[in-house]
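Student: Chains as they are written, first to last, in my numbering: chain A, 9 to 319; chain B, 777 to 1072.
Source of the hints: derived by calculation from the structure; they are not laboratory data.
Some hints could be false.
Computed footprint of chain B on chain A, listed as stretches where at least three residues anywhere in the stretch have a Cβ under 8 Å from a Cβ of chain B [to be verified]: (1) 47-60; (2) 65-74; (3) 153-159; (4) 167-175; (5) 208-216; (6) 243-256; (7) 262-276.
All C-beta atoms, glycine included, are put in the ideal place defined by N, C-alpha and C.
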Amino acid sequence: MIDTTASTTSVAGATAPAAGAERADARGAGGRPLRRRGAGWLGFAPFGVYVLLFLAAPGVIAITSGFFDAEGRFTLANFAVLADETIAQNFWNSIWLSAVSAVISAVIGALVCWALSSARPDGLVRAAVDSASSVFAQFGGVMLAFAFIATFGAQTLAWNALQTVGFDSSTFLYSVAGLLLPYTYFGVPLMVLAFMPAFDGLKPQWGEAVATLGGTRLAFWRRVGLPVLAPAFFGSLILLFANAFSSYATAAALISQGGIITLAIRQQLTSETIVGVANSAGVLALGMVVIMAVLMSLYAVLDRRTRRWQR
Amino acid sequence: MTAATAAPIAGVDPTGTTPPSRRPARGRYGAVPSRATGTVVLVVVGVLFAIPLLSMATFTLRPVSGSGLTLVHWAALFDPAQQSNYSDLFAGIQNSLILAVIVVAIVLLLLVPAMLLAELKYPRVHRVLEFVCLLPITVPTIVLVVGFVPVYQVLQGVVGSDPWTLSFAIGVIVLPYAYRPIQANIGTLNLTTLTEAARSLGASWPVAVWRIVLPNLRRGLISSCLLTVSVVLGEFTIANVLSQNTFQTALLLLQQTDPYVGALLALAALLFVFVLLVDVSRTRSIGGRRPKKRKS
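Make the full structure from the sequences, and use the hints.
Tutor: Structure representation (structure tokens):
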């Protein structure tokens, strides 16, 4: 009991000077009177209202709507949707598709970063690769799906070649496994964007130091390069997974009948297909957010370790 | 051992002075691959990545039946007699352009003032602002769309359901892309000192912002606007679920009836965004050093 009061007073004691410092800070710079402060805060109002209406509100609705039934009463019954076989399958499809494409993209992307490190950082090659990477990684979507239809669709060169070995690439492309191709196509550029800063952070002096100490290149990679790059590599890997997991456009353009979780959410939004469950899209959205939250906290931990070497 | 140590020494100037070009000298130790290895890797990956794009390019030149190359699909797009086939597409492009203008306005009139206010007067808000602006990258767009559906049901009663209303939703998706170039630019300046100097020379706050702050932020603002435009032109998820006709949704519809022109426009759009982004990287590299930025 005494302990509690002691701790509250100490907390109060600790916050009091902080509040005082804040006030001094607010009027310190220009010596403006305190009443201006209220007016200044109003400057955030337009942006604040906008964010509340179009980021906070939709976000909160998306993750809480799963807890309410059609009449707006609280319920946990909607979570039955997660037991639905198709939905579970869709979640699983999304997870393995993202994982496999992320691992493949991370390895290829890391190789590209390594190769790029021999190009001049301010040169033409880097600028072109950077811009092309941004296009494919962030703005491709539907248009990349077209590119793959043009590559593997019926009567194309690749289709003809694969047809002779008895593999029909045009139907493969429209399956969940077929999405691996476009997903890797935008995963590799994202890896280049995400991982390149870590590569730039590898100081040439470290290589020189290993060489002066008589180390081989293998020793450099084993003792210096890989340990320093590892957190950045796994952080980027998580980023790739998260990006593939939440991507929608390419899949929607290729497989309209569904098969991955983002497409399932669209289907649940436009037509409630599972009987007895309201707001099933909200439940699925919450499921995605939970997975993303786990990924992002992992990423935050790895990112802190990465930054240690980038100062 | 001798072989291992001989390699780095081969590149080092025996006189002990720093060689004029450091790159080749570093090729044999450390992380940097030799020029040849680097080039081979880049060329192989580059060729693999070029295949779908080249396929798409040759696809637009293929006749509907038979073989050979033809420009008929290119001509069709500009043929007045076939305009009706593409009316949805042109409407979609127009909607996307209108959206781009409104979203750029949202960035310039809502986001930028908030960022400047946080930078100049309320540094404590800075972290909140950064969190809010980067949040949309970690929340999948489709999840936000689940929330947008009821929001837009309400909004419909207030402003109707014209395509331009999508700009509010897309503006949120754009926040991370718009925020980072401006913040990077702010990071290279000492805005507090600049404005205090302006104020002590007698400038009012509006004059200080308009004539001192904004001109200094020009590069960040241009990058941010170009990125915003490319995000808007590439946006598909929100328009698709909310059933609005924009460039991307029209493209997908068109692809089902006329895949050739669909591929043609997709290619053109990719090229256009590529050019925009090359501009972004050029505006960044001109002048002062760009601080290292990372994807969150």
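Student: Now tell me, hint by hint, if it's right for this structure.
Tutor: How the hints compare with the structure:
Interface restraint, the stretch 47-60 of chain A with chain B: holds (9 residues with C-beta to C-beta distance below 8 Å; minimum three). Counting residues of the stretch 65-74 of chain A whose C-beta sits closer than 8 Å to any C-beta of chain B gives 8, which meets the bar of three, so the coverage hint holds. Coverage of the stretch 153-159 of chain A by chain B holds in this model, with 6 residues showing a Cβ closer than 8 Å to a Cβ of that chain against a need of three. Requiring three or more residues with a Cβ within less than 8 Å of a Cβ of chain B, the coverage given for the stretch 167-175 of chain A is violated, as only 0 such residues are present.
Counting residues of the stretch 208-216 of chain A whose CB lies closer than 8 Å to any CB of chain B gives 6, so the stated coverage by that chain holds, three being the minimum. Figure legend: the stretch 243-256 of chain A, annotated as covered by chain B; annotation consistent (5 residues with Cβ-Cβ distances under 8 Å, at least 3 required). With a threshold of 8 Å between beta carbons, the proposed coverage of the stretch 262-276 of chain A by chain B holds, since 3 of its residues qualify and at least three are required.
In summary, the one numbered hint that this structure violates is 4.
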